[in-house]
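Per the numbering used here, residue 41 is the first one in the sequence shown, and the count goes up by one each step.
No wet-lab data here; the hints were simulated from the structure.
We put the CB at the ideal spot given by N, CA and C, even for glycine.
Take these hints with a grain of salt, some might be off.
[Unchecked claim] Quick list of the computed label-pair ranges, beta carbon to beta carbon:
#	residue 1	residue 2	range
1	V82	G44	20 to 26 Å
2	P81	E50	16 to 22 Å
3	S51	K78	27 to 33 Å
4	G67	I42	32 to 38 Å
5	S49	L77	16 to 22 Å
6	S49	E83	21 to 27 Å
7	T75	L46	20 to 26 Å
8	L76	T52	34 to 40 Å
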Amino acid sequence: EIAGALFISESTVKTHARNIFSKYDVGSRAELISTLLKNQPVE
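Based on the sequences and whatever the hints tell you, model everything.
Here you go:
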């Protein structure tokens, strides 16, 4: 769905996702979300 909405290939979406997972040292979307929520600045 993401690829279609952005008019890019599915492999491009997978590459970007893999790069983001690597940057945050996570292995799944759920782990990424958990990591981002834990590191969110407090207002």
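Structure-based check of all given hints:
Look at V82 against G44: about 37 Å separates their beta carbons, and that is not inside 20 to 26 Å. Evaluation of the 16 to 22 Å hint for P81 and E50 yields a failure: the beta carbon distance comes to about 33 Å. Our hint of 27 to 33 Å for S51 and K78 holds, since their Cβ atoms are close to 30 Å apart. Taking 32 to 38 Å as the suggested C-beta distance range, the pair G67 and I42 does not conform, at roughly 19 Å.
Judged by the Cβ atoms, the range 16 to 22 Å given for S49 and L77 is violated: they are separated by roughly 30 Å. A hinted range of 21 to 27 Å is violated for the C-beta pair S49 and E83, which are about 38 Å apart. A hinted range of 20 to 26 Å holds for the C-beta pair T75 and L46, which are about 24 Å apart. For L76 and T52, the Cβ-Cβ distance of about 22 Å falls outside the hinted range of 34 to 40 Å, so the restraint is violated.
The structure fails hints 1, 2, 4, 5, 6 and 8 (numbered hints given earlier, in ascending order).
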